[in-house]
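Protein chains in written order, with the working numbering: chain B, 130 to 384; chain P, 393 to 1251.
None of these hints come from the bench; they were simulated from the model. Please read these numbers as outputs of a predicted model, since none were measured by experiment. In this text, a Cβ means the ideal position worked out from N, Cα and C, and glycines have one as well. Treat the hints with caution; some may be incorrect.
To be verified - Here are a few chain B residues that face chain P, going by a calculated C-beta distance under 7 Å:
#	residue
1	Ile181
2	Ile183
3	Phe218
4	Asn220
5	Ala230
6	Ala233
7	Phe259
8	Pro262
9	Leu306
10	Lys308
Stated by the list, open to error - Here are the computed lysine-lysine pairs in the DSS-like style, where the Cα-Cα straight-line distance is at most 30 Å:
#	chain 1	residue 1	chain 2	residue 2
11	P	Lys955	B	Lys244
12	P	Lys976	B	Lys246
13	P	Lys1135	B	Lys260
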Amino acid sequence: MADTIIQAINISKKFRSKTVLEDISFSVNRGEFLSLLGPSGCGKTTILRMLIGIEQPTSGRILKDGIDITHAAPKDRNIGIVFQNYSLFPNMDVYHNIAYALQAKHIDKDDIDRKVKEMVSTVGLEDHIFKKPKQLSGGQQQRVAIARTLVLNPDIILFDEPMSALDAEIKLILRQLLKDIQRKLGITMVYVTHDQEEAFALSDRIMVLNDLKIAQMDTPYDLYHNPADPFIKRFVVDHLDLKVRSIEDSIGENI
Amino acid sequence: MKSWIMRLGKTVRHEYLRLIAVICILAFALLPLLTLAFHVNGNDWQFILKDSSFKDAIKNSLVYTTAAALLTTFLALVAAYLLNTSGLRKKKLFVIALSLGMLVPTISVGLGLRILFGTNGFLDLLFGLEIEVRGYAGLIIGSVMTSFPATFLILYDALQYEDKGPYDAADIMGIKRISTFFRLTVPYLRIALISAFFACFTLIFSDYGMPMEIAGKVKTLPMYLYDQFMSSFQYGRGSIAGFVLLIPAVISFLFDLVFKDQSVGEKQKKLIGVEKSFDHVSAVIIVVLCVILFLPQLAFISLSFTKSFPNDLSFTFSHIANIFSNTHGVGLTQYILNSLKLALLTAIAGTAFAYLLGYLSVRKTGRMGKVIDLLSLATIAIPGLVLGIGYIFLFKGTNGAFYGTILILVVVNVFHFLGSPYLLAKNCLNKINSEYEVIGETLGISKGRIIRNVLIPSSVTSLVEMFSYFFLNSMITISAVAFLCSYDDQPLSILITTYEKNSNYEMQSVISLIILFLNVIARVVFTGINTVINRKSNMEVEGWIVLDRYEFDLLTYLEKNGKGVYSQRRLADDLTITLSNADKLVKDLAERDYINQLADGSMEISEKGLKALEPYRVRKAIILAAGFGQRLAPVTLDTPKPLVKVNGVRILDTLLDALYAKGITNIIIVRGYKKEQFDQLLEKYPTLRFIDNPEFNLANNISSAVHAIEQIDRCYICEADLYITNQDVINKYEYRTNYLGAKVAETDDWCFKKKNGILSDYQLGGTDCYQAFGISFWDGEDAEKLKTDLRKVYSMRGGKENLWEMVPLKIMSKNYRLEIRKCHKSDIIEIDNFIELIAADPSYARYPGYEAYSGASAK
Chain B
130 MADTIIQAIN
140 ISKKFRSKTV
150 LEDISFSVNR
160 GEFLSLLGPS
170 GCGKTTILRM
180 LIGIEQPTSG
190 RILKDGIDIT
200 HAAPKDRNIG
210 IVFQNYSLFP
220 NMDVYHNIAY
230 ALQAKHIDKD
240 DIDRKVKEMV
250 STVGLEDHIF
260 KKPKQLSGGQ
270 QQRVAIARTL
280 VLNPDIILFD
290 EPMSALDAEI
300 KLILRQLLKD
310 IQRKLGITMV
320 YVTHDQEEAF
330 ALSDRIMVLN
340 DLKIAQMDTP
350 YDLYHNPADP
360 FIKRFVVDHL
370 DLKVRSIEDS
380 IGENI
Chain P
393 MKSWIMRLGK
403 TVRHEYLRLI
413 AVICILAFAL
423 LPLLTLAFHV
433 NGNDWQFILK
443 DSSFKDAIKN
453 SLVYTTAAAL
463 LTTFLALVAA
473 YLLNTSGLRK
483 KKLFVIALSL
493 GMLVPTISVG
503 LGLRILFGTN
513 GFLDLLFGLE
523 IEVRGYAGLI
533 IGSVMTSFPA
543 TFLILYDALQ
553 YEDKGPYDAA
563 DIMGIKRIST
573 FFRLTVPYLR
583 IALISAFFAC
593 FTLIFSDYGM
603 PMEIAGKVKT
613 LPMYLYDQFM
623 SSFQYGRGSI
633 AGFVLLIPAV
643 ISFLFDLVFK
653 DQSVGEKQKK
663 LIGVEKSFDH
673 VSAVIIVVLC
683 VILFLPQLAF
693 ISLSFTKSFP
703 NDLSFTFSHI
713 ANIFSNTHGV
723 GLTQYILNSL
733 KLALLTAIAG
743 TAFAYLLGYL
753 SVRKTGRMGK
763 VIDLLSLATI
773 AIPGLVLGIG
783 YIFLFKGTNG
793 AFYGTILILV
803 VVNVFHFLGS
813 PYLLAKNCLN
823 KINSEYEVIG
833 ETLGISKGRI
843 IRNVLIPSSV
853 TSLVEMFSYF
863 FLNSMITISA
873 VAFLCSYDDQ
883 PLSILITTYE
893 KNSNYEMQSV
903 ISLIILFLNV
913 IARVVFTGIN
923 TVINRKSNME
933 VEGWIVLDRY
943 EFDLLTYLEK
953 NGKGVYSQRR
963 LADDLTITLS
973 NADKLVKDLA
983 ERDYINQLAD
993 GSMEISEKGL
1003 KALEPYRVRK
1013 AIILAAGFGQ
1023 RLAPVTLDTP
1033 KPLVKVNGVR
1043 ILDTLLDALY
1053 AKGITNIIIV
1063 RGYKKEQFDQ
1073 LLEKYPTLRF
1083 IDNPEFNLAN
1093 NISSAVHAIE
1103 QIDRCYICEA
1113 DLYITNQDVI
1123 NKYEYRTNYL
1133 GAKVAETDDW
1143 CFKKKNGILS
1153 DYQLGGTDCY
1163 QAFGISFWDG
1173 EDAEKLKTDL
1183 RKVYSMRGGK
1193 ENLWEMVPLK
1203 IMSKNYRLEI
1213 RKCHKSDIIE
1223 IDNFIELIAA
1233 DPSYARYPGY
1243 EAYSGASAK
């Protein structure tokens, strides 16, 4: 049995009268890369916001390492988050964006310096350390956002569609970076996306959401080969097949 | 249950703050209005409904306000439209000129008109034009002048967001401008026009400063109110008048609430369109408008320097000189200090409060946020006069503690002027990503810290604007303050009303002048701060770490001289700064890790320092080498002048070596005469690139510059015939555009002088001047200007006959503010003729055919 880090039990979420999630339960294994995949508006981001603690479930509980964190403050959860639009502090350079949280904790200056430089090299931004966010490309900004989260040594990092604003080529490079970081540091990553390919390229497991519920939660292999229902077949399998076929058509051979 | 309590606990602190904010606005802005109602009783109603002077006041106010508001809106529309479409340069300057009236109290405008017109007015005394304007005419003229700036700014701003595409399309279709004005501009501005009209109406309707001077026998509603309070002590009747005064303001507020798009921040300014050609008619109209609007100011400024108006119009400084003395019975120093103190306190408190309100209403949604938003905006509608009397009722009991102190003046000003700065804060915060606080939460950074370290630094320009608004308005306001200020706290603006009562024109004028003077200074300072901030942030976008001049000098100095022990004294001497500045500079740069101070007392530039210098690196050099070099004939009959050898070295090699030594290898040589000979340079300097100038024998060297024009950007432009003996005439980094010159006592060469730190007076021959050397550096804006101007001059009739440097140094010199980069005369040997060539290299004395040319070239 895999080592569980997060357990969500019978979670429901309503906004006023609108139900977004209905009685869902799942667990996240330590060190795995889990993607939340689904059409827009299916509640992926809501799950993420509940995991980080900026949104509370209407009912149900969330456990981390067996401890109830349903209503714990975000800062007490040791979970990091990376947003789609980076949200870097615009007036601080790369160095200080990463160092800021450490400075707020009054950590020793040399310690901060060491940690920040380590992070900067982990995400490959050594040449840009004194640049401000607006001097960086989107991909570089996202690297800073990742480093800013990583530097606090979180147990889990959540990603809210972090690459949807980026060029295809940059996406590939960043995906690789994420996988490298995950392998190197063994951090659990939960990744929200509406892009099937991305989910398949990155994940150990994928949770497909549809119609307020989890439609299927499985490895990419099982998802593709044993779709649980017609929705999964259409949304995942057919989509990927179509993609492959169109590539085959354009290069004129069978892959 | 538990979750509900926890959630409540989390939000309670925030809500608490919001609640306090709401209570504050209610207590200090709306409650005072309500108290008015408690002082009205049935008798007051009975009296006032029969009181013919009350009816007259309302009628008068409505008539002149309507007329003036219509006129103002029309004029403001015309001005805004013309300024936007006329292709005038320096639009900002005209905007400032047109809104100058905002810097003086309205009473001063009235004063100015009174001095200008009527019996013994300036117009009468100087031109015999005796026009009596007191009464309706004066009220209308005065109101137009006082309300024009604000109305104009509303419309001008609205036009900035209009799509210019349809105009260009109309232009191409040949539709007349007057038609596009009515078919495109007016419909587009419909809402803005009505809103501007209401704002203008409210402004005029509730103003009582200007009418004090110019109304003559016509009584206006604010004057009626003032009389009821200050002379008849009929508070109930005054309160009724106050409510009537509120009506247009409330209508205006409701209109804006319903119709106006509040999300100004989301819109993009649309300034891109076809560049309009200069339109003389528009220019004249705008200039005339500026002049007319400035006339009242001009009148009181003139009177401040007039010996004894109207009897003796001779010039005198004595009024100004007496400002700080007690000759007039009262020294003005105390009033100036009062004004500044009030304005500063209001600006500080107001900016902080308005920003807080902006934060509370923008961040996190919810009903409370909307309430704050609505209440803050509602304060725009409250006339100061009404607010002032409300404060009397509400706070009279706190005499000494609050009432009667400067504190109440600050508070009343803050709430009186709250609306506009609040809008600024709101728009600014709306533009700032709302996820920072969330990010902060997940990173364990408190909200307070995020506000302090992220939000406030990102809103500096808006904060300066807000501060400026509070400051300038506090300096000129009369309405609310007039009721509330104690004798000791009287600001300048109130003092004018005192002198108005005994018709002391000189003092009124001098005080108006002081207010204008202080406000102009304040405006310049605030604008300056924001210009610097904007420039800095623009540079950051381009990848600059912005250094100031001193930092730049020290870093390049260390970069050049390498690691070593540098005493403060040596730094101070070498960089020509003071000892204490050197000390401060080193400490500051060391703190920011731009330099490393090592244990052995030596220092060097750090990696970060080098990075900071990187944007200042000279990117390339353009060498103009197409010419024939007539005066070096006969040598140049075989060889282009740059390639002539002096003591065995080609002249051009000395320059190329210097460039290479400083790491500048991106070098472009513009060649023409015997161009193929330049190919030999590639052997020694493989990175050279050539641009051919086929016109070299038809045009002067401006043609070479024009052929390389696309290359001009952060580069040196060099002449090709400089024999360089000191490679330091070339730098690796340059701070800004400059021209090389050597200080000489006398020269018959081309030279320039230094005026206010800037190159000027470029001419042939001079004394105590800088001899010009043909090496200059071009950067950013200056490079862009140079490109435009070179093209312009080149295409002019006879333009091709110019030397390129005549364009920035002489023909178009007013477009540039060039620095002089100093070198020694001995750093560069100019070889202009054969005699000088022989002086540098005696072997040329034996050059075949030299005698035939020597006579001519020696001249």
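Distance restraint between Lys955(P) and Lys244(B), which requires alpha-carbon spacing of 30 Å or less: Holds - the C-alpha atoms of Lys244(B) and Lys955(P) are around 29 Å apart, at most 30 Å.
query: Holds or violated: is the Cβ of Phe259(B) closer than 7 Å to a Cβ in chain P?
result: Given a least distance of 6 Å, the restraint on Phe259(B) holds.
- prompt: Does the interface hint hold: is Ala233(B) within less than 7 Å of chain P, judged Cβ to Cβ?
  reply: This hint holds: Ala233(B) lies near chain P, its Cβ roughly 5 Å from the closest one there, short of 7 Å.
query: Given the hint that Lys976(P) pairs with Lys246(B), does the C-alpha gap stay at or below 30 Å?
result: 28 Å, holds
Chain P contact restraint on Ile183(B) - CB to CB distance below 7 Å: 5 Å, holds
task: With a cut-off of 30 Å on the C-alpha distance, tell me whether Lys1135(P) and Lys260(B) pass.
output: This hinted pair is violated, its Cα atoms lying about 40 Å apart.
Evaluation of the interface hint that places Ala230(B) against chain P, nearest CB under 7 Å: 4 Å, holds
query: Hint check: is the beta carbon of Asn220(B) less than 7 Å from a beta carbon of chain P?
result: Hint on Asn220(B): holds, closest Cβ of chain P at ~4 Å, below 7 Å.
query: Does the nearest C-beta of chain P fall within a distance shorter than 7 Å of the C-beta of Phe218(B)?
result: Where the cut-off is 7 Å and the nearest Cβ of chain P is about 5 Å from Phe218(B), the hint holds.
task: Under 7 Å, Cβ to Cβ, is where Pro262(B) needs to be relative to chain P, so tell me if that hint holds or is violated.
output: Given a least distance of 10 Å, the restraint on Pro262(B) is violated.
query: Hey, does the Lys308(B) contact hint survive, CB to chain P under 7 Å?
result: 23 Å, violated
query: Is the interface hint for Leu306(B) satisfied, with its Cβ closer than 7 Å to some Cβ of chain P?
result: Since the shortest Cβ distance to chain P is 20 Å, the answer is violated.
Going through the hint list in order, the structure does not satisfy hints 8, 9, 10 and 13.
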